[in-house]
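As they're listed, the protein sequences go chains A and B.
Residues in the first sequence are numbered consecutively from 1, following the working numbering.
Residues in the second sequence are numbered consecutively from 1001, following the working numbering.
Keep in mind that the hints were calculated from the coordinates and are not lab data.
Just so we're clear, the structure is a prediction, and the values are computed from it rather than from any experiment.
Treat the hints with care, as some may be off.
Only some residues are given here: those of chain B computed to face chain A with a beta carbon under 7 Å [as the list claims (entries may be wrong)]:
1) 1243
2) 1425
3) 1430
4) 1456
5) 1457
6) 1458
7) 1464
8) 1467
9) 1468
What follows is a list of derived Cβ distance ranges for each label pair [as the list claims (entries may be wrong)]:
10) A:47 x B:1318: 34 to 44 Å
11) A:19 x B:1422: 29 to 39 Å
12) B:1198 x A:14: 29 to 39 Å
13) B:1303 x A:49: 39 to 49 Å
14) A:13 x B:1079: 34 to 44 Å
15) A:14 x B:1338: 52 to 62 Å
16) B:1298 x A:42: 50 to 60 Å
17) B:1259 x A:24: 38 to 48 Å
18) B:1302 x A:13: 47 to 57 Å
Note that the Cβ used here is the ideal one computed from N, Cα and C, for glycine as well.
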Amino acid sequence: MNETKSPVETRTPFGQTYYPPVPTEFTKKMRTNLFWQLLRFVVINVKILRMVRKH
Amino acid sequence: MARLVILGAGIAGQTAALHARRRLGRDHEVVVVSPNSRWNWIPSNIWVGVGVMTPEQVTFPLRPVYEKTGITFVQGRAVSVHPEGDGDAGRPYVKVELTEPGKTGQEERVPYDWLINATGPKLNFDATPGLGPSKNTVSVCTFDHAAHASKAFDETVARMKAGEKQTLLVGTGHGNCTCQGAAFEYIFNVEFELRRRGVRDKARVVWLSNEHELGDFGMGGMFIRRGGYVTHSRVFTESLYTERGIEWITRAGVKEVAPGEVSYETLDGDERSLKFDFGMLLPPFSGVGLKAFDRSGADVTASVFAPSGFMLVDGDYAKKPYEEWSPEDWPRTYQSPKYPNVFAVGIAFAPPHAISKPMTSPKGTPIFPTPPRTGMPTGVMAREVAFNIVDMINGKATAPTRHASLAHMGAACIASAGAGLFRGTAVSMTLFPIVPDFRKYPDTGRDLGWTFGEIGLAGHWIKHLLHFGFIYKAKANPLWAMVPE
Ligand SMILES: Cc1cc2nc3c(=O)[nH]c(=O)nc-3n(C[C@H](O)[C@H](O)[C@H](O)COP(=O)(O)OP(=O)(O)OC[C@H]3O[C@@H](n4cnc5c(N)ncnc54)[C@H](O)[C@@H]3O)c2cc1C
Chain A
1 MNETKSPVET RTPFGQTYYP PVPTEFTKKM RTNLFWQLLR FVVINVKILR MVRKH
Chain B
1001 MARLVILGAG IAGQTAALHA RRRLGRDHEV VVVSPNSRWN WIPSNIWVGV GVMTPEQVTF
1061 PLRPVYEKTG ITFVQGRAVS VHPEGDGDAG RPYVKVELTE PGKTGQEERV PYDWLINATG
1121 PKLNFDATPG LGPSKNTVSV CTFDHAAHAS KAFDETVARM KAGEKQTLLV GTGHGNCTCQ
1181 GAAFEYIFNV EFELRRRGVR DKARVVWLSN EHELGDFGMG GMFIRRGGYV THSRVFTESL
1241 YTERGIEWIT RAGVKEVAPG EVSYETLDGD ERSLKFDFGM LLPPFSGVGL KAFDRSGADV
1301 TASVFAPSGF MLVDGDYAKK PYEEWSPEDW PRTYQSPKYP NVFAVGIAFA PPHAISKPMT
1361 SPKGTPIFPT PPRTGMPTGV MAREVAFNIV DMINGKATAP TRHASLAHMG AACIASAGAG
1421 LFRGTAVSMT LFPIVPDFRK YPDTGRDLGW TFGEIGLAGH WIKHLLHFGF IYKAKANPLW
1481 AMVPE
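Let the sequences and hints guide you as you build the complete structure.
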């Protein structure tokens, strides 16, 4: 994949991308970490099913 | 014998038709009127729009499903509703213009005892000069629009591969658009594909929308618990855009699209323009333009439909300022106050007002999102209305007993941020209630226990699961009714 520069490298003071929080490498890795995501898959599905059942 | 006629075979129409057919005895008839012969799982059009799926993967033919389930299918477009019948016939009917090959253009009267209007939106590209796939932008609202968008996207990528820099613009094409979530998914999938195809460094990717802030999504945004704070979805959304190097322009009402250039007015009243090479801008939605006539043939459209073309139901449509909006303004049964055997569900019903606070530029241009009606609440209201009608047909009730107000219902939404079994991600969100209730939840408008959002691969898997699950369900395959709305 062709990666863009990280926003932290390109942040211009007072620019649009200066203020928002950006994820750490650890946070980014966890987004596609298979074990963690399998767990999140179960948790999110349970949340959604409980939400649907609420009605 | 009773005859239930459902106009439209989208998420709402199909849900209502299948549930009604399942619960009604065979001595009653369920009829679906819809102009298209294929059913479309619209949320996956996003993937068609970047070439990850084909139109065939997101559609299937309706007729075999209706033959299997015993639903009568009339392939045509409803033109007018005659809730009192007319001079020769006292029975209510709908006038339909057939679109079935061989019968195209012929008119047919479809009589009904009960009617559900589930005709969804008219994609009102004409509201903005130059907007739309036949003009200067692409769209992902239908599967063929999305296939056309994918082709235009491929051409843009090819230009980048040849060394040209390109500006890709995604967002809303009018000051009063809704469905920002769909455009959000599309820009993230576009950005993901640009990286996957190795041309991200050649692209400027820009979001342009009528939201006051990023993360509004037409529902005033939402508050979630995160890292020990209660934060607005704006923070989360700006972070996602920043991380991907996507620029954003908000508070913008698009006025006109010329080839390669969009002109817009901002909430401050500034007139601005932006050049682009590829633009996917959503149109505003209106009702599909159904008319209504009484028994004498007098036009009663204004008492059955709102000026937007959406059908008036049991909401409180009195004009009132934002400060006086109440959750109780929102419809509960979706029954027409004028004709109690007529209902409207999904995008077809008229919302009483917006959810995001209405804003107007100094020049008087309204620039704010109209309320979204996403798939899950659409399915729930369609099911509840179908059950109410079945109960009334079966003599179990004399009026609707089940309620499905957006002010008392939650929603789950999965927004794709890039496809791929191991590298894909999606934002998973739940919120409760959809219409915020600041009296019950004074600081946040919603229950923080039920409102959350996160991004990850799990969301992508769920999005895939929904794709297959809902197509399975809409095909009325075995045990379809177990798949929740
Ligand atoms: C690109 C895109 C992505 C989306 N992604 C998501 C998502 O990820 N999650 C989510 O929850 N929601 C999503 N939505 C919203 C979701 O698609 C809508 O909530 C849903 O389609 C509304 O269902 P509906 O049945 O009211 O309308 P539609 O699905 O639009 O169905 C309307 C039906 O009426 C028919 N019709 C039109 N005119 C007539 C007429 N005159 N007579 C008879 N029939 C007629 C149409 O052919 C169609 O069959 C997305 C929307 C878009 C555009």
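Is the hinted range of 29 to 39 Å satisfied by the C-beta distance from residue 1198 (chain B) to residue 14 (chain A)?
-> At 32 Å between Cβs, range holds.
Under 7 Å, Cβ to Cβ, is where residue 1457 (chain B) needs to be relative to chain A, so tell me if that hint holds or is violated.
-> holds, 4 Å
With chain A as the partner, please determine if residue 1425 (chain B) meets the hint condition of a C-beta pair closer than 7 Å.
-> Given a least distance of 6 Å, the restraint on residue 1425 (chain B) holds.
Is it true that the C-beta distance of residue 47 (chain A) to residue 1318 (chain B) lies inside 34 to 44 Å, as the hint says?
-> For residue 1318 (chain B) against residue 47 (chain A), whose Cβ atoms are near 36 Å apart, the range 34 to 44 Å holds.
Holds or violated: is the Cβ of residue 1464 (chain B) closer than 7 Å to a Cβ in chain A?
-> violated, 11 Å
Against chain A, is residue 1467 (chain B) within 7 Å by beta-carbon distance?
-> With Cβ-Cβ at 15 Å, over 7 Å, it is violated.
Can the hint on residue 1468 (chain B) be confirmed by a CB-to-CB distance to chain A that is less than 7 Å?
-> violated, 14 Å
Status of the hint placing residue 1430 (chain B) at chain A (closest C-beta pair under 7 Å) | holds, 5 Å
Should the interface hint for residue 1458 (chain B) be scored as holding, given a Cβ-Cβ cut-off of 7 Å against chain A?
-> holds, 4 Å
With respect to the beta-carbon atoms only, verify the hint that residue 14 (chain A) and residue 1338 (chain B) lie 52 to 62 Å apart.
-> holds, 56 Å
Using the beta carbons of residue 13 (chain A) and residue 1079 (chain B), state whether their distance is inside 34 to 44 Å or not.
-> Check failed, 59 Å falls outside 34 to 44 Å.
C-beta pair residue 1298 (chain B), residue 42 (chain A): status relative to the range 50 to 60 Å that was hinted | The hinted range 50 to 60 Å holds for residue 1298 (chain B) and residue 42 (chain A), with Cβ atoms some 59 Å apart.
Checked against the numbered hints given earlier, the structure breaks hints 7, 8, 9 and 14 and satisfies all the rest.
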